[in-house]
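A.B. asks: What follows is each chain in one-letter form.
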Amino acid sequence: MKNRFCTFSILGLMSVLGLFSSSVMAQSTATGTATASATILTPITIVKVTDLNFGNIASGTAGTVVITAAGARTAIGPVLPNVPGTVTAASFTISGEATKTYTVTLPASAITLTGPSSATMTVDTFTSSPTTTAGAGVLGETAAAAGAIASGSQTLTVGARLNVGENQAAGFYTVANGLSVTVAYN
Amino acid sequence: MSYLRISASALTLMTSFLGQPNSWAEGSSESANVGATIVSPADVYLAVAAQGLFTSAAGVFSIGFPATPASKSWAPSGCGLLGASANAQCNQNDTVQVGIDSTIIGPQGVSLSLFREQSLGEGIVFAIVAYN
Chain B
1 MKNRFCTFSI LGLMSVLGLF SSSVMAQSTA TGTATASATI LTPITIVKVT DLNFGNIASG
61 TAGTVVITAA GARTAIGPVL PNVPGTVTAA SFTISGEATK TYTVTLPASA ITLTGPSSAT
121 MTVDTFTSSP TTTAGAGVLG ETAAAAGAIA SGSQTLTVGA RLNVGENQAA GFYTVANGLS
181 VTVAYN
Chain H
1 MSYLRISASA LTLMTSFLGQ PNSWAEGSSE SANVGATIVS PADVYLAVAA QGLFTSAAGV
61 FSIGFPATPA SKSWAPSGCG LLGASANAQC NQNDTVQVGI DSTIIGPQGV SLSLFREQSL
121 GEGIVFAIVA YN
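As given, the protein sequences belong to chains B and H, one line each in that order.
Note that my numbering has the first sequence beginning at 1, numbered continuously upward.
Note that my numbering has the second sequence beginning at 1, numbered continuously upward.
One thing to keep in mind: the hints can contain errors.
[Said to hold, decoys possible] To list a few chain B residues with every Cβ distance to chain H over 12 angstroms, as calculated: (1) S28; (2) A30; (3) T31; (4) G32; (5) S37; (6) P81; (7) A90; (8) T133; (9) A170.
[Said to hold, decoys possible] Per the computed footprint, the stretches of chain B lying under chain H, defined by three or more beta-carbons under 8 angstroms from a beta-carbon of chain H, are: (10) 44-51; (11) 62-75; (12) 159-168; (13) 175-183.
Rather than coming from a laboratory, the hints here were simulated on the basis of the structure.
Ideal placement from N, C-alpha and C gives every residue a C-beta, glycine not left out.
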């Protein structure tokens, strides 16, 4: 009887150990898989195409000359000669990941143009197309959305306001690389 | 110990990643030149009854008329003499182009007459004249 008990006990112990062993074996061999992936995005770049040119302005009356982002010129005060000279909004080519959106950052303060005998004029009130609205455009396929890079590139144009003084000294006024524009993915 | 080793590795990886320039957030920048040309005013003096003396060199000029008084039209006279249409009508704030015949401009200049169409002799007529 004692032997039978021992036998059963041993068998029982072995069974328990077997189950335990089986359980341990199952945990140690369980496997799972997951897909590892990564997307390398094309860096966003901006390249200047055209400078911002206010063209010819007659000296005399003080006021402002505005170039819109579309390149239209208007004046309040100064006379604009019939021969306008070179009048252009600044333009840039933005390149990057197709359909991604980006945000445009324009100068936050006025920039100063320097002319003859260190005479100066200031340029402020910058505007752009697409606009500077944060997160302009929607991530997706809408190429027409503001700030969406369609087919990997888009033209960005920038206008501004020129402040002309009374009897502003005649001559060419400029500032090299004064109009800094930054673009970043949203 | 195993946990510590993993954490250290992750920390190393994170530190390495954060050490790189954050080009995503910084984006890309570019600058453009900005320019404007102020053209010289021509030497023109216009007085009462609009007698003006033009002493500038030959060229083509734009004339801007004053914004005041309102509701007045301006008609330059002597434009035929200067090679443009006589009595060309100019509205307030318009610019009118006057052709200057270099043959009639001598060292002493040429007389350019302007008058205000409906109110001769009133006030001082002035204009802004500039080279194109």
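A.B. asks: Please confirm whether S28/B is truly not at the interface, meaning its C-beta sits more than 12 angstroms away from all C-beta atoms of chain H.
C.D. replies: At about 15 angstroms from chain H, S28/B clears the 12 angstroms cut-off, so the statement holds.
A.B. asks: When you look at the beta carbon of A170/B, is every beta carbon of chain H farther off than 12 angstroms?
C.D. replies: Since the minimum Cβ distance to chain H is about 4 angstroms, A170/B lies within 12 angstroms and the statement is violated.
A.B. asks: Find the nearest Cβ of chain H to the Cβ of A30/B and say whether that gap is larger than 12 angstroms.
C.D. replies: holds (18 angstroms)
A.B. asks: For T133/B, which was marked as not at the interface, is the minimum beta-carbon distance to chain H over 12 angstroms?
C.D. replies: About 15 angstroms separates T133/B from the closest Cβ of chain H, which puts it past 12 angstroms; holds.
A.B. asks: With a C-beta cutoff of 8 angstroms, work out whether three or more residues of the segment 175-183 of chain B approach chain H closely enough for the coverage to hold.
C.D. replies: It holds, with 9 qualifying residues against the three required.
A.B. asks: Verify this label for me: A90/B is non-interface relative to chain H, using a Cβ-Cβ cutoff of 12 angstroms.
C.D. replies: Incorrect as stated: the minimum Cβ-Cβ distance to chain H is 4 angstroms, not above 12 angstroms.
A.B. asks: Evaluate the condition: distance from the CB of S37/B to the nearest CB of chain H exceeds 12 angstroms.
C.D. replies: holds (17 angstroms)
A.B. asks: Are there three or more residues in the segment 44-51 of chain B whose C-beta lies closer than 8 angstroms to some C-beta of chain H?
C.D. replies: holds (count 7)
A.B. asks: Minimum C-beta separation from T31/B to chain H exceeding 12 angstroms: can you confirm that?
C.D. replies: holds (19 angstroms)
A.B. asks: Taking the minimum C-beta separation from P81/B to chain H, is that value above 12 angstroms?
C.D. replies: violated (4 angstroms)
A.B. asks: Beyond 12 angstroms from chain H, beta-carbon-wise, is G32/B?
C.D. replies: holds (18 angstroms)
A.B. asks: Taking a Cβ-Cβ distance under 8 angstroms as contact, does the segment 62-75 of chain B have three or more residues in contact with chain H?
C.D. replies: violated (count 1)
The structure is inconsistent with the numbered hints 6, 7, 9, 11, although it conforms to all the rest.
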